[in-house]
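Asks: Sequence order for the protein chains is A and B.
Here this note's numbering is used: the first residue of the first sequence is 1, the next is one more, and so on.
Here this note's numbering is used: the first residue of the second sequence is 1001, the next is one more, and so on.
Treat the hints with caution; some may be incorrect.
With beta-carbon atoms standing in for the labels, derived distance ranges [what the hints assert, rightly or not]:
1. A:202 x B:1395: 36 to 42 Å
2. B:1346 x A:75: 52 to 58 Å
3. A:188 x B:1104: 48 to 54 Å
4. B:1346 x A:96: 20 to 26 Å
5. B:1344 x A:14: 47 to 53 Å
6. A:92 x B:1104: 40 to 46 Å
7. A:196 x B:1174: 36 to 42 Å
8. B:1344 x A:197: 27 to 33 Å
9. A:179 x B:1387: 33 to 39 Å
10. B:1412 x A:85: 40 to 46 Å
Below, a sample of chain B positions facing chain A; criterion: calculated Cβ distance under 7 Å [as the list claims (entries may be wrong)]:
11. 1202
12. 1320
13. 1322
No lab work stands behind these hints: they were computed from the structure.
All C-beta atoms in this analysis are idealised placements derived from N, C-alpha and C, irrespective of residue type, glycine included.
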Amino acid sequence: MKKHLLSIDDVTADDIAALFETAAEMHDVQRREVKKLPALRGRTIINLFFEDSTRTRSSFEIAGKWLSADVINLSAKGSSTSKGESLRDTVLTVTAMGIDGLVMRHSASGAAHQVAQWLDVPVINAGDGMHEHPTQALLDAYTLTRHLGTLEGKHVAIIGDLTHSRVFRSNIKSLAKLGARVTVVAPPTLMPSGVGPWSARAGFATSYDLDGVLAGEYGPVDAVMMLRVQKERMSGGYFPTAREYTVGYGLTRGRLAMLQPGTPILHPGPMNRGLEISPDAADAADSLILDQVSAGVAVRMAVLYHLLAGEETGA
Amino acid sequence: MSSLLIKGASLLGTTTADVLVEDGVIGFVGRAASASERVETAETVVDADGLVLLPGLVDLHTHLREPGREDAETVRTGSEAAAAGGYTSVLAMANTNPVTDTAEAAERVLDLGRAAGIVDVQPVGAVTKALEGQELAELGLMARSRAKVRVFSDDGKCVADARVMRRALEYVKAFGGVISQHSQDPSLAPHAACCHEGPISGELGLPGWPGVAEEVIVARDVMLARHTGSRVHVAHVSTAGSVEVVRWAKAQGIDVTAEVTPHHLLLTTDLLRGYDPTFKVNPPLRPQEDVEALRTALADGTIDAVATDHAPHARHDKEHAFVDAAFGMLGLETALSVVATVMGEQMDWSRIADVMSVNPARIAGLDGHGRAIAEGQPANLALIDPSASYVVDRNASLSLSRNNPWHGRTVTGRVVGTWLRGQRTFG
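Turn these sequences into a full structure, and let the hints steer you where they fit.
Replies: Below, the structure is given as structure tokens:
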């Protein structure tokens, strides 16, 4: 595996298979009474979060702690501006304390890529702006693989605010690497710019018509991934009202009935119940939303293990 | 009397001649053998065999950062960089701190330029007070000042309000002024917009700066220029659509001119894939189709001038996350080399002199620059080695800043000497 995990581009299909194998072992650890493994004892990891996060930060924190690493959470809120400290100075200061790995979340796309060029220690991207969220995509694929057996030849529909979604941008790559076919669905205003040439090159399909996709116009749907839609997008003119969005693109009770029984439903959270996902869908028997959360810890343990356990300690 | 003889240069790449400069003025052009002892007794002789002599270059669009950000550039260091690029005059943009929006501020920049004495620094005045886009700055007082300001621009920001733009265009008619517009509709391309909107911005998740945000302002402004009977200049044109509008407007007889930067003639959006803020510039780097359209438009005269938009920044202002980093890149030292490298097949040296000296001087109303290399003209000259190839090294720059997008690239055509009114300022 490469030194850093900045993007799904950094891992091959073989790397993903190796990560999933480790994750499965870690997943078993989660069910033990004593959960700690000694793998990263003596290693120090900093979770450097420039943007608010509860679930991703705590997931990484638990993952590190169960591997016996010392995990420190640093929130550097208020993204750097031209008047404040530069990003380079901030991360150099933090790493100068003598750490072995940096887990970083930033509201700006590309921030983790930039930081990795300035640092010697492995950098794990915990979400950079609208760009990527590779561990989320890995845990999504891991969850789906456990449920469906394999992703090879499966058809996954991703629905929601694609423009602003790093989850979508990472998933499109990981699902392709694992042999799945993807159709993405959004109103035209929430489709990323230039999606035409991009989708042609990357090999995914696009649609404005959720009902058509669920009815099988692009082939039977084997899994549904709903994305969070921020209500603030309405003020940006991306769609007129929450009601209209739900009618067009929500996973409503009616659309739930269009799915084949057993079709897994994913959502990276936090959910806007009633907007992009109805309670019926969120709490359905086929909803894997809580499985995603527990898989998140296992997958992040696997990532930390593969990136940090082989490294020499800073001491 | 001081005298200088430049021997055997190819004037504009066409006729080979000797050029005698006396007291800052060209005193003789021709074969030295046929001339008098004036030539034989020249104090300084430059052997220019195989070199090309051009009128000193004029940059319509330079950020010198002084006053306000002397850590990034000063009038003096910017002037040195300009001279190294073959320039004898630069127009210093108004977005300093304080803004050049009064006669006093304009005269101060003028005086800083004179004190440095390396290039003629001509201040650009702000169109609106503090570049806020609301109320007109003291355009008339700046025009009447010692700085004789004729070019006005809120560059860095667009004069977005159509009513304000209309009034500015009308008002400057009284003294032959021109509005140089930074064309960026802020509702379509807000400040965070930092990547050409298209497949690459979509993939990288960077806020898009669509070409149409430029094109709607260019289209609006040429119609306002027609309506007011005034003159508008389009700064840093970056899209094929803007070129089409300018071409159409010129065919209608509308008084519009346009400039393109060296970077928009070569660099493309793909360079943003590494999230290196060196390549963050406003307007953003565009796709290859736009680059091709800009080259064609420069060659066919639709675009009148090459202007650098030289925008120095302190290193720490570029070491932020991409969307937070400062916009802009260096350009003065490399402009001629880049233009010669990119446009060499479509434009001869005479045409390069048109777009880098003659036309910008005319647009800015600078009488002493962009003149023919002929007897009686001020000796503002740039000497070029047309076959010299070199690798750009950002650390060799005379600018105080290092945000050089050309670092590591090989270019052909190098400035080897610059003279401002007969005084050697570079080489």
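Asks: Work down the list of hints and note, for each, if the structure agrees.
Replies: Tested hints:
At about 39 Å, the CB distance of residue 202 of chain A to residue 1395 of chain B agrees with the hint of 36 to 42 Å. A hinted range of 52 to 58 Å for the beta carbons of residue 1346 of chain B and residue 75 of chain A is consistent with their spacing of about 55 Å. At roughly 52 Å, the beta carbons of residue 188 of chain A and residue 1104 of chain B sit within the given window of 48 to 54 Å. Checked against the hint of 20 to 26 Å, the pair residue 1346 of chain B and residue 96 of chain A fails, with Cβ atoms roughly 52 Å apart.
About 48 Å separates the C-beta atoms of residue 1344 of chain B and residue 14 of chain A, a value consistent with the hinted range of 47 to 53 Å. Between residue 92 of chain A and residue 1104 of chain B the CB atoms are about 42 Å apart, so this pair conforms to the stated range of 40 to 46 Å. A C-beta distance of roughly 50 Å is found between residue 196 of chain A and residue 1174 of chain B, which places it outside the suggested range of 36 to 42 Å. Checked against the given bound of 27 to 33 Å, the beta carbons of residue 1344 of chain B and residue 197 of chain A, roughly 31 Å apart, stay inside it.
A C-beta distance of roughly 55 Å is found between residue 179 of chain A and residue 1387 of chain B, which places it outside the suggested range of 33 to 39 Å. Separation of residue 1412 of chain B from residue 85 of chain A is about 41 Å and conforms to the stated range, judged on CB atoms against 40 to 46 Å. Satisfaction of the interface hint for residue 1202 of chain B is found here, the shortest Cβ-Cβ separation to chain A being roughly 3 Å, below the 7 Å cut-off. Interface restraint check for residue 1320 of chain B: the shortest CB-CB distance to chain A comes to about 5 Å, inside 7 Å, so the restraint holds.
The beta carbon of residue 1322 of chain B is positioned within 7 Å of a beta carbon in chain A (closest approach about 5 Å), and the interface hint is therefore held.
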